Structures are given as structure tokens and as C-alpha cells.
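Trainee: Could you slot chains R and P onto chain E? The hints should help.
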Amino acid sequence: MTASRTQAGPGNEQDADRPVPVNVASVAQGARWHRFLVMGALFTGAVVFLFPFYYMLVASLQRSPNMSVGGAFPSLGNLTLDNYVKINAALNLWQALLNSGIFAGGVLLGTVVFGVLGGYALAMLHFRGRGVLFSAMLLVLVVPFQLSMIPLYVLIARDYGLGDTYLGMILPFAINSTAVFIFRQYFLQLPSELFDAARIDGASELRTLWSIALPLVRPALLTAVLLTFIGPWNEFLWPFLITKQQSKQPLAVSLANYISVVQASTANPYGSILAGAVVLAVPAVGLFVLFQRHFVSTDLGSGVKG
Amino acid sequence: MRPSRPSRRCHGALAAVLAGAMVVLTACGGSGGASATDAATAHGPIKIWYSNNEQEIAWGKQVVDAWNTAHPTEQVTAEQIPTGKSSEDVIGAAITAGTEPCLIYNTSPAAVPGFQKQGGLIDLSSFADGTSYIETRTGDLAKQYASTDGHYYQMPWKSNPVMIFYNKDMFTKAGIDPTNPSLATYDEFLATAKKVVDSGAAPFAIYPAPSSEFYQSWFDFYPLFAAATGGKQLVADGKSQFNTPEGLAVANFWKQIYAEKLAGNETHTGDSFADGTAAMAIVGPWAISVYKDKVNWGVVPVPTADVMTADQIHTFSDAKNVGMYASCTNQGTAWDFLKFSTSQEQDGQLLTLTGQMPLRTDLPTTYAEYFAANPDYKLFAEQAARTVEVPNTPNSVEIWQAFRDAWTSAVIFGKSDVQQALTDAASKIDQLAGRT
Amino acid sequence: MTTSITRSPVPRDNPATPSAPDAGGGRRRTSLVTRLFGRQPIGMLLAAPYAVFIAVIFAYPIGFAVYMSFTDYYFTAPGVTVPHPFVGFDNYKTVLTDPAVLASFGHVGIFLILNVPLTVALSLGLAVALNRAIHFRTFFRTAYYVPYVTASVAVVAVWLVLFNADGLVNQILGPLAPDPSWLVNSVWAMPMIALFVTWKGLGFFILLYLAALQNVPRELYESASVDGAGAWRSFRSVTVPGVRQATALVLLLAIVTGANLFTEPYLLTGGGGPDGASTTPVLLMYQQGIQQGNPSTASAIGVVLVILVLIVALVNRRLTERSER
Numbered sequence: 003m004t005a006s007r008t009q010a011g012p013g014n015e016q017d018a019d020r021p022v023p024v025n026v027a028s029v030a031q032g033a034r035w036h037r038f039l040v041m042g043a044l045f046t047g048a049v050v051f052l053f054p055f056y057y058m059l060v061a062s063l064q065r066s067p068n069m070s071v072g073g074a075f076p077s078l079g080n081l082t083l084d085n086y087v088k089i090n091a092a093l094n095l096w097q098a099l100l101n102s103g104i105f106a107g108g109v110l111l112g113t114v115v116f117g118v119l120g121g122y123a124l125a126m127l128h129f130r131g132r133g134v135l136f137s138a139m140l141l142v143l144v145v146p147f148q149l150s151m152i153p154l155y156v157l158i159a160r161d162y163g164l165g166d167t168y169l170g171m172i173l174p175f176a177i178n179s180t181a182v183f184i185f186r187q188y189f190l191q192l193p194s195e196l197f198d199a200a201r202i203d204g205a206s207e208l209r210t211l212w213s214i215a216l217p218l219v220r221p222a223l224l225t226a227v228l229l230t231f232i233g234p235w236n237e238f239l240w241p242f243l244i245t246k247q248q249s250k251q252p253l254a255v256s257l258a259n260y261i262s263v264v265q266a267s268t269a270n271p272y273g274s275i276l277a278g279a280v281v282l283a284v285p286a287v288g289l290f291v292l293f294q295r296h297f298v299s300t301d302l303g304s305g306v307k308g
Numbered sequence: 059m060r061p062s063r064p065s066r067r068c069h070g071a072l073a074a075v076l077a078g079a080m081v082v083l084t085a086c087g088g089s090g091g092a093s094a095t096d097a098a099t100a101h102g103p104i105k106i107w108y109s110n111n112e113q114e115i116a117w118g119k120q121v122v123d124a125w126n127t128a129h130p131t132e133q134v135t136a137e138q139i140p141t142g143k144s145s146e147d148v149i150g151a152a153i154t155a156g157t158e159p160c161l162i163y164n165t166s167p168a169a170v171p172g173f174q175k176q177g178g179l180i181d182l183s184s185f186a187d188g189t190s191y192i193e194t195r196t197g198d199l200a201k202q203y204a205s206t207d208g209h210y211y212q213m214p215w216k217s218n219p220v221m222i223f224y225n226k227d228m229f230t231k232a233g234i235d236p237t238n239p240s241l242a243t244y245d246e247f248l249a250t251a252k253k254v255v256d257s258g259a260a261p262f263a264i265y266p267a268p269s270s271e272f273y274q275s276w277f278d279f280y281p282l283f284a285a286a287t288g289g290k291q292l293v294a295d296g297k298s299q300f301n302t303p304e305g306l307a308v309a310n311f312w313k314q315i316y317a318e319k320l321a322g323n324e325t326h327t328g329d330s331f332a333d334g335t336a337a338m339a340i341v342g343p344w345a346i347s348v349y350k351d352k353v354n355w356g357v358v359p360v361p362t363a364d365v366m367t368a369d370q371i372h373t374f375s376d377a378k379n380v381g382m383y384a385s386c387t388n389q390g391t392a393w394d395f396l397k398f399s400t401s402q403e404q405d406g407q408l409l410t411l412t413g414q415m416p417l418r419t420d421l422p423t424t425y426a427e428y429f430a431a432n433p434d435y436k437l438f439a440e441q442a443a444r445t446v447e448v449p450n451t452p453n454s455v456e457i458w459q460a461f462r463d464a465w466t467s468a469v470i471f472g473k474s475d476v477q478q479a480l481t482d483a484a485s486k487i488d489q490l491a492g493r494t
Numbered sequence: 004m005t006t007s008i009t010r011s012p013v014p015r016d017n018p019a020t021p022s023a024p025d026a027g028g029g030r031r032r033t034s035l036v037t038r039l040f041g042r043q044p045i046g047m048l049l050a051a052p053y054a055v056f057i058a059v060i061f062a063y064p065i066g067f068a069v070y071m072s073f074t075d076y077y078f079t080a081p082g083v084t085v086p087h088p089f090v091g092f093d094n095y096k097t098v099l100t101d102p103a104v105l106a107s108f109g110h111v112g113i114f115l116i117l118n119v120p121l122t123v124a125l126s127l128g129l130a131v132a133l134n135r136a137i138h139f140r141t142f143f144r145t146a147y148y149v150p151y152v153t154a155s156v157a158v159v160a161v162w163l164v165l166f167n168a169d170g171l172v173n174q175i176l177g178p179l180a181p182d183p184s185w186l187v188n189s190v191w192a193m194p195m196i197a198l199f200v201t202w203k204g205l206g207f208f209i210l211l212y213l214a215a216l217q218n219v220p221r222e223l224y225e226s227a228s229v230d231g232a233g234a235w236r237s238f239r240s241v242t243v244p245g246v247r248q249a250t251a252l253v254l255l256l257a258i259v260t261g262a263n264l265f266t267e268p269y270l271l272t273g274g275g276g277p278d279g280a281s282t283t284p285v286l287l288m289y290q291q292g293i294q295q296g297n298p299s300t301a302s303a304i305g306v307v308l309v310i311l312v313l314i315v316a317l318v319n320r321r322l323t324e325r326s327e328r
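Protein chains in written order, with our numbering: chain E, 3 to 308; chain R, 59 to 494; chain P, 4 to 328.
Source of the hints: derived by calculation from the structure; they are not laboratory data.
A quick note: this is a predicted structure, and the numbers were derived from the prediction, not measured.
By construction, the Cβ of each residue, glycine as well, lies at the ideal position given by its N, Cα and C atoms.
One or more of the hints may lead you astray.
To be verified - One-sided and incomplete, this derived list gives chain P residues near chain R with beta-carbon spacing under 7 Å: (1) P81; (2) A168; (3) D278.
Just chain E, same shape as in the assembly (with noise of 0.2 Å):
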């Protein structure tokens, strides 16, 4: 059917194709004022959301602080790269970000494989022992860091011995119990007809879940990237307890270490830490932009009645 190809967006409401039981006209004003209003809204709405992050970016390229309504606008003899040299002297940046993505890169890995298998059992297949996964998946969700820390850290530093190690930073975030429930909501948002179909056809669990669930729920995939991403990116306690050398620092923890010490010893230290938080930021956000492209509509419903 060729509307189910029509572009998402408010346009929709005057496709010629469709009788349309009113004024014309008055729709279209209707749709074009409420567009704007939409717009509008947006716009505001962004200019808020960015602005701390843009006084944060002005702030990192400032030589000296300028706390006042002015500041907010650099000005052209204030501008200065130096922050970000600094930092770079302090921290050696690639180093951590490198750390960075290795404690990142191991929780996604661990989220997406065994997470999603974790989501799918739990969504769609009956086995002894679902209840009580789920359960134990929500306490997990529940229960603050503060309370297990020290419990946990004597188990991972002391009972395996993974102090100072990737795999110690990586292992209490290995499968994220967020992303996980997430897998499950989505799963049971499919509707029942496809995997009854497959079932029909005698797939075994593995092919259809490999075959027909994975694809439908790739915004839901996505998702759960992004956000399993971001934990362990910016985590700083864990981090710091368990790991002492250096060397091995990810970024978000020699930052936090960086703010502790130096603030009352540089010029700017304001403008060097930000320009380090400017650092940490970036990689996120365009992971982000470059993922977003892919969140469009999955056409389900095409896909069931066909």
C-alpha cells in the first residue's frame, strides 16, 4: 500500500490521495499554525536544553573567566586553545580516552550479546526461573551503587583478584539491567502473529529471534546502546576505586581528579576543567548523531498485514 510510504511529519494530513471530509483550506492554515507552534516550542526548547552546554564551551576557550551577562558571548581577544593544551598536559587525554573506551566498549559488548538474549528469554519464552530472573532484574534496577560498593569492591578486588585490571572496571557493569528491560518491553511490543507465523514454519527460538524479533526492534537496539554507552562513560566512582595506576584512569575519573586538585593552582582551572568535560562530551554526542539517522519507522504495520 503506498501509504504506508509516505513521509512521517504533519504534511500526512493533506495527502491528496485521501478524502478529506474538511475545508481543505482550514486545514492546511490549521496545520501550517500548529506547525509553527511545534516549531516554535522546539526551538525554545533546545536554546534552554543547549544553553549551559554552550556557556560550558565559551567558558573552555576563554583565557580568564568572565562570570558576567557578557561572558555569555565570547569575545574575540578572550578566545584562547590554551584550556585544552592544559588539560592535555595534566591528563594525557588520548591515554584516558583510550581507557575510556575499552571500560565502554566491554560493557557494550556484554549488553548487547548477552542482554539480548537475557530480553528476549525473559519477553518471550516460558522456562522455570523466569519469574524470579525478573525479579532479581528489577531489585538490580532498584538497589543504589552506595549500598553494594564496598561489599562489591571486596569481591572484585580482593575474592578475584581484578584490581587495576580492565575486566575488574568492566565486570559490575558488564550487562546493563536497564537496557535489558528495555530489550523485554520491546520484544513484547511485537506483535504475536509474526512469531506465530515463524513458529508455524518451524524455526527454532534462535532463528526467529535472529531473524525476524532483532530486526523489528532496532530503534529499541539503538536505544539501549546509547544509554549503555553513556553509564560507564561518564562513571567515576567505580572506576576510581578499583583502579590506582594512571595509566589506567578513564577520563571521566582523572577529570574528576584533575577538578579536585588543581582548582586552587591554575589560572583558569575553571576553563581547563571544562574544556577536559568538553573532551568527555564530544565522543557521546556524535556516537549520538551519527546513530540517530537509523530511528525511523519499521513500516510494522505493512510487515503483518502483507
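Mentor: Just chains R and P now, kept in the frame of chain E:
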């Protein structure tokens, strides 16, 4: 059927699983440690931690190099730990896991009772020359660092006697004599502070951190209390010492400063003295390396109720010490290294490289050349002989948190009556100090 | 029927479908395998890595924390044995009668009341708007996502400056600015934190809704507009029911995040705010458990918190489920 919310039966099953797991796992507790007597005389490689600010790193590297060259079979490996809020948490967690090093050159005296309770610290008095070495080097002040059983679980290392820095240029601008400002008594201090702010020379007169962390009272209340009482600690013999007229006077002094907006009650990012937000700072000599290029500074002792001469005034020590920790297997080497790094020569290096005062008797005469070349530091060296440490008492952190909570409520935010707050805090602290 | 798509129940035990090879046969023949392991025991295999992960990483620490809450416990170096007397509910009594602890639960309550409805409403609204926007789509989506992505530690510094007594916000507001300024004002401290966390977390929830919106079939919107429904009507009748699962998830995660608030009060209001006006239970747990070496009372607070959150989550679940039937 859509999997429904697990029923109560499933919750029960989960609880049973967890309970079973925890019984099994807690039954297999931690492993035992090595025999104590062997470790005390063993020699071999050791690991140490020191703090990660620039100057201490420089000192740390040179002392480790000097030792390693002379002792090829007893190599010392050094790592940095971050200073600041979380270092005690890191050490505590490391003690529990048994991953802490032999020596940590960043042990806060306030944390020592807690570490001792954990069984994480080695009794330095158990070494043959332990007590004598410590008391010879540090003199009378050493007693403040002994634990309740009279033994030393920490080596007093360096102090940063807290004094008042003032910005000479701002004072000149406000019409105050920069070489001899009147900051000796509470009244004089208040008048000077008001003058500075009213004249527009600075937005604030002084800006101690107003936040609620347990250690912040060490930089507003405690130095003045030490001065006012001629060297009393917050708690002594299990009883709080601050619910007295002197303590009340100090509290009221600060209350007035906050009430008249001479100090800010919001957290300030960065150093307020260095960036010109405040005309004065209450801090120790480590800050000199920070201020020297930015501020034309002078220094005076902390104010007291009535005029006192400088050689009578006490202050807070802001000391950082060295602890020897339980996981150490080569304690013989650790003790030798500890003595080496606190020798007269190495203390001199510490002084030169960091500007902080080694906790050693008679600093002005021992390092006379240094102070002749760096007269800025001489005042601090003299002050270092009269410092007061945080009390070595059980529940030390909790005690300071209770005090700080009362302080922020009554003094900084003016929400409760000062006398009442002090009394309540005193009774709470008496309970904590008495509880083992 | 297209409307069956939005109904999420996925019938699994339809006797007409031939079973997968390794499960039992049709409903009538419940084999030993089925009785022991469930209808699709391959599920155990697929879920095993995750189950093992939870058991290994979390069962011990959580179980241990519960154990600590019933004893007089403190952490010791390995090899040091000290008695850990069982004290029953003493820790819980201490904790539940401590005014500071009760106040912290109150603060979390205020936070949740402010944050959760705002989060759900804003994130759904923005997701819908972002889904439909054609121009500048990337810019908008990125704009809303950026706060979520930046580390709290850094962004807090910016907020501290912006909301300082002579910061940008007060300069713009002029005489309208509150007298003890925002973050040191005991009335405004917690709402400020709520605002900060809402702002920061919105990107994540918008993402969840965006993904869910992709699965709402366009035919529904089209048939709604054929029936004469305007934008608001189709939002209410098509969008909201269509993303019900996502809403449940957003509610749950917002509640859990709010209840476990630690970093923001710690950083934004300097460890508890003006006279403890923005303490949270987890902040107190951190202070008592890790700074002061009292993991017993800290664990008691933690257990109480977890139980409360589970109750709230259960209530929330019941409410959203009931409206579905």
C-alpha cells in the same frame, strides 16, 4: 499470556534465593593474614602511595629514587592517590579488600581512629625504636597523635599551620595599612573586614567553604578555637570541650561575619582568595605556591578575643601523616623507609619542594638557611610549634559531621540559636566519643 | 485487524502451534522436560549468562548488605576477626527515628512529585514533536540529548556559576531573585535539584519514547485523521496508548533514579545543602557507611529505601495495568 508482574510467590522465591546466597557466601569470609611477627622484621620490596599534587609528587619521586639507588633489594614502588574528599574512602575500601600499600603518605589524622578500628593500621610503637623515634622527632606535639591506648598508629609527618592571609593591594585600596593591619582581635577583625567590603575593594572579606562536609569546620571554627583556648582540642578524655564561653565567642564571631555578608554562604568554585573574590583567606603555607604570582599577600595569626602576642597563639595543624597498613608483608623495610623519608635531610627536601612544615621540633633553627632565603615561610615555621590536631577519638568522622551540621545550621544559615546548637552538638558528641 | 497490534499480549500457549523441537508437545502431553524446565527450556540457556552475572555480581553484595543491616557490623582488614553481634531490628529503629533520615526521605518525595510528572509529560511531548519535525531534525534531537551525555561533575560547575548569587540567572531576574540565592535557599534547594535532574535526564527518556513511537503504526494516525480527529485527539487516542509500555518504563526509571539521587545533592548543594535541606537517603548512606564507617545503619537505610521504591513501583505498575484491561 503476557508475562505478568511476578506474584508474591516469586518475590518469596527471590528472597529465599538471596537469603541462601548470603548465608553461603558470608560463611566463607575473608582469608587470614600473614603471621604478624614474621612481617615485622621482613625486608623486601614495598609499595607506597603519596598524594597527587605537583609538589608532593616531586618530593615523592626524589625520595623514592634516593632510596632505590641505595637499596637495590628493597625497591619501593610508588603510586599516586588523589587527595580531596574521596581519598579516605579509597583507603578504607582498600583496607577491607587487603589491597592497600605498605605506607600511605596522605593519611588524615581524623581517619586514623576508623582505620585503627578496622584493624588496618600497624602499631608503630611495636617497633623497637618506634615511640622514641616519633617523640624525638616531633617533640611535645607527638602526644596529640597517639591513640587512646597510648601507642602510635600514625607517624606525624607534616603540618600546614592555618593562618590568615590577606591581600595587601585590596587592603591598601580600602585604606588599611598593609604592613600592619588590625586583625588581632575579633572586634578589630570585624571592623577591618567591614571596611574592606564597604569600600568596594573586594566582594567578600573572607570566604571559608560553607558546605557541609565533615572536615570544613577545620578551617573556620577550629583554628580560632585552638587560639582562644590556648591549645584545646574539640574533644578530650571522651568529653566535648567546645560548649564553653570561648567556643561560644568563636561561634558568635563567625555568625556575625556571615550575618553581615562578609563571607559568602554559597559554594565557590575555585580559590576565592586567588581569583580576587575575597580579601582574606584562612589557610596554611601550602597555598603560598598558589598565591605567589597572583596575590600580593601578607600573613597574620588567627584572631582571638583579646590581644595575644604571636608566640602565644595556637592554631589548627591541618597535618597529613603517614600510616603503615596491615597488608604490609615487609614491615622491616617499610619502617626503615619511613625513618629515611622523615630524616632531617628529607624533611628539608619536603620543606624546600612543597613549603609545608615537617612535624619536627625546632624548625626555625634546624633549617635556618632555608628560612633566611625564604622569609615568607618563617612565620609558619614558628607557628608550627603551636598547633592543635583533631582529637584521636573513636567515631572521629561522625563527631565532626555532627559538629558541622550544627555549625551550618546555626552559624552559616542562622537557622537556630548558637548556644542551643552548641549544647545539642556537645551532648551528641559526648555520646559518640564514649561509644566504642 | 490493525488495532490488535497495539495490544501487547503475545499468546504463547496457543495449542494450535506445533511446538519447537525441544519443548514438550501440545498442551495435552506435558512431558517431564516441560514440567521441569518450562515450555521453552532453551530460554534458560539464553538467559543463563545474565542470570549468572546477577548472581555473581549482585547477590553477594546485596545479600551482604541485608545481613549487615541486622548486625553491628563494620569492615575490617582481612584476617582481623571481630564479633558481629546480631542486633535484630535495632539499626532499623535507629534509622527510622532519626529526624535527618526522615527528612531525607521527605526531600526525595518532593523531588519525585516535581520530577516524575514533568519528565513523563515533557519527554513524551518532545519526542512526539521531534518525531514529526523534518527541518533541523538532527540539531533538535542532539540538543535535547546533549545534557544527558555530559558528565554531571562538569555540568554542575556550570550550574553553580549560573545560579550563583551574582550569577547570570539572578542578573537577569533582578529584583525577582530569591534572597538566599537558589542553591542555598532551603525552600528552593530541592526544587533546583529536581530541575537540574529533569533537564539532564530528559534526553534519555526522549530516546525511549522516540524508539517506542517508531512502533506505532502510521495507519492508526491516518485512520484517526480520516475520522476527523485533530492533533490533540489523535495524540490522546493513538499515541498515548501506543507507547504505554514505554511510559511504564519511563515511570519506573524516573522513580528509581529519583529515589537513588546522590551525585546531584552531593555536588550541587555541597553535601546536603543549606542546613540539610537537600539531603537524600543515598547521600546519608554514603556519609554513614563510607565516611563514618557505619555500614550497619547505612545498610538499614538502603534496605528501607529499596522496599519503599519497590512498593511505589508496584503501585505504579498496578495502576498502569488496570487502565489497560
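Trainee: With reference to the structure, classify each hint as holding or not holding.
Mentor: A quick look at each hint next to the structure:
1. Given hint, P/P81 at the interface with chain R, holds; its Cβ is 4 Å from that chain's nearest Cβ, closer than 7 Å.
2. The interface hint given for P/A168 holds, since its Cβ lies 6 Å from the closest Cβ of chain R, which is under the 7 Å cut-off.
3. Contact between P/D278 and chain R, as hinted, is supported at the beta carbon level, the nearest pair being about 4 Å apart and thus within 7 Å.
Figure legend: structure checked against the earlier numbered hints; every hint is met.
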